[in-house]
Amino acid sequence: MNCEEVAKHLTEYLDKNLDMAMTTRVATHVISCTHCRAESNELADCIQQVATLPVMEPPLGFAQRVMAHVRDSEPKASLWQRLIVPLTGGIPVRTTAMAVIAIFAVVLYQNEPALKQNREADLALKSASQTPIKENELPAPTAARQASETSQKTVAPVRASADLAKRSNAETLPRASSSSPAESPQLQPATPAPARTETDIAAEEKKEAPRRPPLRVQEVTTARDSGFIFGDRRSFIGPPPAPIVLERPIALGDRVADFEFVVRRRSPQRRDTIENLNSTEAEDSPAAARRPSTMPSTGRARIESIAEIRFYDVAPEHFEIFKKELATEANIESEPKVSGKEIEAAKQADRQLLVKVTILPVDRATPTR
Amino acid sequence: MDSDSISDAEYVQKLQRGQADAFEALIRRHEKAIFNLVYRMLGDYDEAAETAQEVFLSAYRAIGQFRGDANFSTWLYRIALNHATTRRKTMNTRHQRQVPIENTEPLSDPQPGPAESMEKKEIRETVQRALNSLSADDATVILLRDLQDVSYDEVARVLEVPVGTVKSRLHRARQALKSELASYFYAGRKAV
Chain U
-15 MNCEEVAKHL
-5 TEYLDKNLDM
5 AMTTRVATHV
15 ISCTHCRAES
25 NELADCIQQV
35 ATLPVMEPPL
45 GFAQRVMAHV
55 RDSEPKASLW
65 QRLIVPLTGG
75 IPVRTTAMAV
85 IAIFAVVLYQ
95 NEPALKQNRE
105 ADLALKSASQ
115 TPIKENELPA
125 PTAARQASET
135 SQKTVAPVRA
145 SADLAKRSNA
155 ETLPRASSSS
165 PAESPQLQPA
175 TPAPARTETD
185 IAAEEKKEAP
195 RRPPLRVQEV
205 TTARDSGFIF
215 GDRRSFIGPP
225 PAPIVLERPI
235 ALGDRVADFE
245 FVVRRRSPQR
255 RDTIENLNST
265 EAEDSPAAAR
275 RPSTMPSTGR
285 ARIESIAEIR
295 FYDVAPEHFE
305 IFKKELATEA
315 NIESEPKVSG
325 KEIEAAKQAD
335 RQLLVKVTIL
345 PVDRATPTR
Chain C
106 MDSDSISDAE
116 YVQKLQRGQA
126 DAFEALIRRH
136 EKAIFNLVYR
146 MLGDYDEAAE
156 TAQEVFLSAY
166 RAIGQFRGDA
176 NFSTWLYRIA
186 LNHATTRRKT
196 MNTRHQRQVP
206 IENTEPLSDP
216 QPGPAESMEK
226 KEIRETVQRA
236 LNSLSADDAT
246 VILLRDLQDV
256 SYDEVARVLE
266 VPVGTVKSRL
276 HRARQALKSE
286 LASYFYAGRK
296 AV
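In order, the protein sequence lines correspond to chains U and C.
Counting along the first sequence from 1, when you hit position 210 you're at 194 in the working numbering, and nothing is skipped either side.
Counting along the second sequence from 1, when you hit position 76 you're at 181 in the working numbering, and nothing is skipped either side.
I should point out that these hints are in silico values taken from the structure, not numbers from a laboratory.
Please read these numbers as outputs of a predicted model, since none were measured by experiment.
Errors might be hidden in some of the hints.
To be verified - Here are the simulated distance ranges between beta carbons:
#1 U/D3 <-> C/Q121: 36 to 44 Å
#2 C/A241 <-> U/A(-9): 54 to 62 Å
#3 U/T36 <-> C/S256: 30 to 38 Å
#4 U/R49 <-> C/K194: 39 to 47 Å
#5 U/A52 <-> C/D174: 51 to 59 Å
#6 C/I228 <-> U/R49: 47 to 55 Å
#7 U/T12 <-> C/S256: 23 to 31 Å
#8 U/E(-12) <-> C/D174: 20 to 28 Å
#9 U/L92 <-> C/D126: 52 to 60 Å
Using N, Cα and C, we set each Cβ at its ideal position, and we do this for glycine too.
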């Protein structure tokens, strides 16, 4: 080993950081080489001088002074922290806060009449939709009206029967009977309406109708149409097994229909169309309905642009019947491609099909039946 | 429980959980090493006291960032060297690196003779002056290794450099210190 190599390892040699073999080699050279020995001694002396520098004591009370600064730098505990936090002990603060919020929410809910009313209405709707209304189970006032209607059979039997169906359900299912989103969703007290004549009803409709703003699309999702397409009992009188019943209330916007039909009305059948505003008895007659519409009134112009969307829950096995009935009631302009697989899948899943029917207004340019 | 039996890591965990008193134990354990390192870097007792205090306060503020990957002492040395280097620069611009005459150093030998005491004091001042004249990097590596007896590996962790770099830097620093001390220690020897 030469002096240059020794110089490279001299620092580690003096620190005793070399392995045994290298230490021996360096030591052998240092002993034999005057220059390297002198260099080694001088470096060792330097190390020794630094290592033997006296250990200085920090100022008296150094730690306490630092701790005083530490405590000063900490934010002062608030009154809350000093008084309350020690009492909480091991209680997890977040869990406690969540529990308090939950209790507060329940109390608020129970004390808020509007919320409570809504819940009652929901429950009523649910229970009503689970017990389908059949023709022979209509409430007494409805039955009376039905009797009077069948005895009259005069002006517009179709419309009257549709009204009947709607009214009967409106009395039993107040929330479900909102025919327009503009109407109040609040639950109305179910007071039995006395039997009224057709003229009374018409007069009442004329009085109430202006309050409804004309809407381009009406969302009708009620059980009042159960068993009747378009609310027309005449055309959908409980064929075989059971009437088509809307079993569950479906929130607006949550609907994804399984099938969608687009149909066009053949005749004016709805009582709540704005037709009532300006129309006369003569216009409501089937003859007038067949007449091409050339009426220049603004009300009629609006009516013709109104479409209606309805949703039906249809049992898979009744789908074909539903479709036939729909075809008898309206001109089907667009119908879905129905595969047997979907029907079968619904049957197996034991769920009803949600059918969306977009009802276009009567096309007065073409003759209806 | 004896405070000596509790490791730095345990004290750090307590401190991170909000027990500020644990920090006092850490200060007491490391104050001497940190103070001496800083003092030898600066060569001024009052400056060293102030800087050491800043070092511990910085450590306290940053304790949340200490992940325990390294020893607490390693982390503390790193903070101390950062503070000392910064203070050293400030001092250099202020005093042009004037080495104060220290009257505070204790004498290690009890009852030394007046001549011996004077000589030792002179040697210490010379060594301190030599350390002050070194670059901060050189002084740092010499003080860590030769004054604090920190291993090569830990010096590497403190300085955040490879061990090989520590070796070469130490070799260079010792050569520089030897050169600074040569006129005092080795002039007579060479003359002989």
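For each hint, the structure was consulted:
{"no.": "1", "hint": "U/D3 <-> C/Q121: 36 to 44 Å", "verdict": "holds, 41 Å"}
{"no.": "2", "hint": "C/A241 <-> U/A(-9): 54 to 62 Å", "verdict": "violated, 25 Å"}
{"no.": "3", "hint": "U/T36 <-> C/S256: 30 to 38 Å", "verdict": "violated, 20 Å"}
{"no.": "4", "hint": "U/R49 <-> C/K194: 39 to 47 Å", "verdict": "violated, 25 Å"}
{"no.": "5", "hint": "U/A52 <-> C/D174: 51 to 59 Å", "verdict": "violated, 31 Å"}
{"no.": "6", "hint": "C/I228 <-> U/R49: 47 to 55 Å", "verdict": "violated, 32 Å"}
{"no.": "7", "hint": "U/T12 <-> C/S256: 23 to 31 Å", "verdict": "holds, 26 Å"}
{"no.": "8", "hint": "U/E(-12) <-> C/D174: 20 to 28 Å", "verdict": "violated, 39 Å"}
{"no.": "9", "hint": "U/L92 <-> C/D126: 52 to 60 Å", "verdict": "violated, 45 Å"}
Of the numbered hints stated above, those contradicted by the structure are hints 2, 3, 4, 5, 6, 8, 9, listed in ascending order.
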